[in-house]
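Q: Input sequences plus hints: build the corresponding full structure.
6 protein chains.
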Amino acid sequence: MNERFTKGFETIKHYVTTEEAVKMIEADALADIAPDLRKMIIEFAYGDIYSRPGLDAKKRALVVITSVVTQGAAPQTKTHIKRGLHAGLTQTEIVEALLQLVPYIGFPLVQNALTIAQQVFKEEA
Amino acid sequence: MNERFTKGFETIKHYVTTEEAVKMIEADALADIAPDLRKMIIEFAYGDIYSRPGLDAKKRALVVITSVVTQGAAPQTKTHIKRGLHAGLTQTEIVEALLQLVPYIGFPLVQNALTIAQQVFKEEA
Amino acid sequence: MNERFTKGFETIKHYVTTEEAVKMIEADALADIAPDLRKMIIEFAYGDIYSRPGLDAKKRALVVITSVVTQGAAPQTKTHIKRGLHAGLTQTEIVEALLQLVPYIGFPLVQNALTIAQQVFKEEA
Amino acid sequence: MNERFTKGFETIKHYVTTEEAVKMIEADALADIAPDLRKMIIEFAYGDIYSRPGLDAKKRALVVITSVVTQGAAPQTKTHIKRGLHAGLTQTEIVEALLQLVPYIGFPLVQNALTIAQQVFKEEA
Amino acid sequence: MNERFTKGFETIKHYVTTEEAVKMIEADALADIAPDLRKMIIEFAYGDIYSRPGLDAKKRALVVITSVVTQGAAPQTKTHIKRGLHAGLTQTEIVEALLQLVPYIGFPLVQNALTIAQQVFKEEA
Amino acid sequence: MNERFTKGFETIKHYVTTEEAVKMIEADALADIAPDLRKMIIEFAYGDIYSRPGLDAKKRALVVITSVVTQGAAPQTKTHIKRGLHAGLTQTEIVEALLQLVPYIGFPLVQNALTIAQQVFKEEA
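Protein chains in written order, with our numbering: chain L, 1 to 125; chain F, 1001 to 1125; chain B, 2001 to 2125; chain C, 3001 to 3125; chain U, 4001 to 4125; chain Y, 5001 to 5125.
Just so you know, nobody snuck in bad clues.
In silico EDC-like cross-links for lysine to aspartate or glutamate, where the CA-CA straight-line distance does not exceed 20 Å:
1) Y:K5039 / F:E1096
2) B:K2058 / B:E2096
3) F:K1078 / F:E1124
4) L:K7 / Y:E5003
5) U:K4007 / C:E3003
6) F:K1058 / L:E96
7) F:K1058 / L:D56
8) C:K3013 / C:D3028
9) L:K39 / Y:E5003
10) C:K3039 / U:E4003
11) Y:K5078 / Y:D5028
12) B:K2122 / U:D4032
13) L:K39 / L:E20
No lab work stands behind these hints: they were computed from the structure. If you're wondering where the values come from, they're calculated on a predicted model, not measured in any experiment.
A: The structure is reproduced here in structure tokens:
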């Protein structure tokens, strides 16, 4: 386990529980065909990028939620709304960020994202 | 001038100078073919959406910058990086938000957006 | 209920049955987390935009179907094909509009949309 | 010159002047590297698709304009607004179709398209 | 059955079994509403394009997989990974092509595509 | 200079001349606002991804060209067509890959990409 991996693993705990972080590594669903992908995500996405100074975890989560909603990526929207709540974003902040997107991406994508947010809020309640 | 327009006009001043806000209304470039568009932007985008409570102006600007960069919309990227600086985002926060997007939208779109940010930072210096 | 809402509510009846229009308002699925969204859709989308003169309801429905198909938005494709039929578009016009998109967005998105259209035509028969 | 080409060439004249149609074929800018592309566009896009019955030329033009605007494709937006005017769409119908897209794709893409429309209307006046 | 159809039908057999090719034509799921679509796909996509010289079937399959993954089109990703294996791409080549996309489209779309690839590899084993 | 950087720097020379590789590092246009980006591209994109075994440089270049063309990213299309030629793709292979995309992304994006390819072929001649 190199330094970048350790740093990534520490950083990811701002966005998921320690239990989930361990599970992400131990139960890698793609281990049989792409065993390096999980490592790249921990080392590069979390170790090199998320761990940078200059923007706090809540704002990083807000940026990521906005990007995946704009792309219309439903599974990632669910994942990153959960991580945003764990990083400290309130439900109101998430809902307001989604409504703020209406003039830029239109009603349909925002409606889809709010439906996902509603489901996450229920599951996490 | 109805209540929504007034509210929108007050709100837009968090993102542009008063002079620019006045110019947006008085020198509407599309007035000849779509005279209602400017009114809709002020009343709906700024009056109804940007003015909502629950998320501060800096975070709203961050959300909008992220969305237009994810869409690859160059002219809007320039406009909203400028408005983000006016709303109080630091240059570092903007750069970090763009780098945070690398794992989600790839290097090329982020590189394009950083080139635009660099130009805005020079113009505003 | 303000004037824009009333206008939007009247306009939406060109695209859905009165019963469905009432249900959209009374049974708002997102009322708990985003109670203002439904109001915005009625007032802004239907009251301000759909109700404008200069383009008839059938052509507006054609424009909306084309846009959501081009975006690859499956749930909206279903909704707006239904509304297009209600606005008076024939099944042939809808199928031809989808085939017209092949040279611009490729076969896969068109094939997906035709599969959805086929299902709507069966449900509405 | 086969039947599909002839049919395509006849059909394209609903969207451009005869002079422009001839020029498209005789002055093919990509003839040196992709000499078959122009033929494919005439035979497949215009001969097989645009020439189909069941939707008139104006509605086909409306569908194409909507699709390229939704994709954010600036050069195609210019080309197809010109062809739409030639097919008989009025300036008002084009402007209204663009405004109709605001709730589905947001203000920025619509604003860009209206700026292009404004330029075409001036050139064609 | 014209020459383009015959050529397309021969070409498609590089990507699917003869049995599947026959089934694509005989059991056209969209025959009731768009009977010409299947013919267009065989004649135009396979007869005019896939059958061109200058690029072998494996490389054409690689190009198509890359394009549908970049578009985020899940059903097409499944179809074309299957066809790529049939055309002779190895599982390793497909996995490596998907990982090669990480710096250009980000982790989420690649992860989704790898999950689909994993399922296809199991089904084809 | 760590091992990943060295590996990335060696790998990038399959796609650009040594002179261009050196210039990419020494004349980093974004060094003032995002000094880490260039390093990430060399280490992650080229050191971790492009350098993987299992897919040769020509096929990796083909995958990247296809992805950026599908995204409609004009500046990247130019860059990666150049790199593809340097990696050993022929002009014919590049043109055929672009034509192969017509049934998946439509004529307009392919036409734009062919125009860029034509320009690169002239510059490199």
